[in-house]
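**Q** Chain residues, written in single-letter form:
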Amino acid sequence: MAAPSAEVRVEIASDDDVVAARQAGRRLAEQLGLALTDLTLIATAISEVARNITAYAGRGEIVVRQIERRGRSGVEVIASDDGPGIEDIDRALQDGYTTGGGLGIGLPGARRLMDDFAISSHVGRGTTITMTKWAPA
Amino acid sequence: MPVPILKQGSVLIASIQTALTDTDVLRLQQKLIEQVGRYRSRGIVVDVAAIDVMDSFVARSLRAIAQMTRLRGAEMVLVGIQPEVAFAMVQLGTSLEDVHTALDLEEGLALLESLGGEAGRHGGSVS
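For the record, the sequence lines run as chains E and W. Under this note's numbering, the first sequence is numbered contiguously, ending at residue 147. Under this note's numbering, the second sequence is numbered contiguously, ending at residue 131.
Isolated chain E (complex conformation) (with noise of 0.2 Å):
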């Protein structure tokens, strides 16, 4: 049995807590062993998905966590709320849609970053994000 896989989790109510979860997925991905590269690129998307929250829950959690699969490691960050969730999910991931008068960069962008990304969001109730990012083998 290997060792209990390290986890970091931030609650996601303010900006200061865009910035908090963002610097401690990095923290975690460091550890990891990842490269600058991807500690900036996980990083970043990690602040993509809690304005996210921010901006359309007002409140959320944001989990960073080590996962195995299929022999290789990686950072995996799930950001949930319980908000008012995406209607139209192939659309929120079109470059340039957006309904919170942002860029529209935030979703499509944070999936270029990472290597894996899903989204489950019901409407009314709150919306799922998965994403990953594997150290290279």
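It is worth saying that the hints were derived from the structure and are not from the lab. Every residue gets a Cβ at the ideal spot worked out from N, C-alpha and C, and that includes glycine. Do not take every clue at face value.
Said to hold, decoys possible - A few chain W residues that don't get close to chain E, going by computed Cβ distances all over 12 Å:
| id | residue |
| --- | --- |
| 1 | 7 |
| 2 | 23 |
| 3 | 28 |
| 4 | 39 |
| 5 | 43 |
| 6 | 86 |
| 7 | 106 |
| 8 | 119 |
Stated by the list, open to error - Partial chain W-side listing against chain E, Cβ under 7 Å, derived:
| id | residue |
| --- | --- |
| 9 | 25 |
| 10 | 27 |
| 11 | 91 |
| 12 | 97 |
Fit chain W to the supplied structure of chain E, relying on the hints for placement.
**A** Relative to the frame of chain E, chain W by itself:
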């Protein structure tokens, strides 16, 4: 944490020291636009060498500062973008094509001078 703004001749230098919250960015934007008028500055250098994350909000705010500065008759140069930050910005899709950039503070000041010089020549040709 507020970003210190230094006045050096006709140039304002904003040197970002730590991670910025959205509130810090908006405050910096307001202060720079106000000070550019108060000190009749010709240029602004924003030094982001200490920034490890340039997300879409910060990028959009910096572009807004550049545009507002221009509307106030001055120019802004962004300096010190770290290589891995540049990489992440391109992936994210915030390449800031319409913003002047330079490698570091020294290059940024030189660029401002050349931009100012051009404006001076235009002025000269009219008289």
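**Q** Each hint should be assessed against the structure and marked as holding or not.
**A** Hints, verified against the model:
1. Every Cβ of chain E is farther than 12 Å from the Cβ of residue 7 of chain W; the closest lies at roughly 14 Å, confirming the non-interface assignment.
2. At the 12 Å boundary, the C-beta of residue 23 of chain W falls inside the reach of chain E, the nearest C-beta of that chain being 5 Å off.
3. Against chain E, the non-interface label of residue 28 of chain W is violated: not every CB pair exceeds 12 Å, the least being about 8 Å.
4. No Cβ of chain E approaches the Cβ of residue 39 of chain W within 12 Å, the least distance being about 23 Å, so the stated non-interface status holds.
5. Separation of residue 43 of chain W from chain E is adequate, the least Cβ-Cβ distance of about 29 Å exceeding the 12 Å criterion.
6. The Cβ of residue 86 of chain W does not lie farther than 12 Å from every Cβ of chain E; its closest approach is about 8 Å, which violates its non-interface assignment.
7. A cut-off of 12 Å between C-beta atoms confirms that residue 106 of chain W is not in contact with chain E; the least separation is 21 Å.
8. Its beta-carbon lying about 26 Å from the closest one in chain E, residue 119 of chain W satisfies the requirement of being farther than 12 Å from that chain.
9. Taking 7 Å as the C-beta cut-off, the interface hint given for residue 25 of chain W holds, the closest approach to chain E being about 4 Å.
10. Interface restraint check for residue 27 of chain W: the shortest CB-CB distance to chain E comes to about 6 Å, inside 7 Å, so the restraint holds.
11. This hint holds: residue 91 of chain W has a C-beta 6 Å from the nearest C-beta of chain E, less than the 7 Å allowed.
12. Hint on residue 97 of chain W holds. Least Cβ distance to chain E is approximately 5 Å, under the 7 Å limit.
Comparing the model with each earlier hint shows violations of hints 2, 3 and 6; every other hint is respected.
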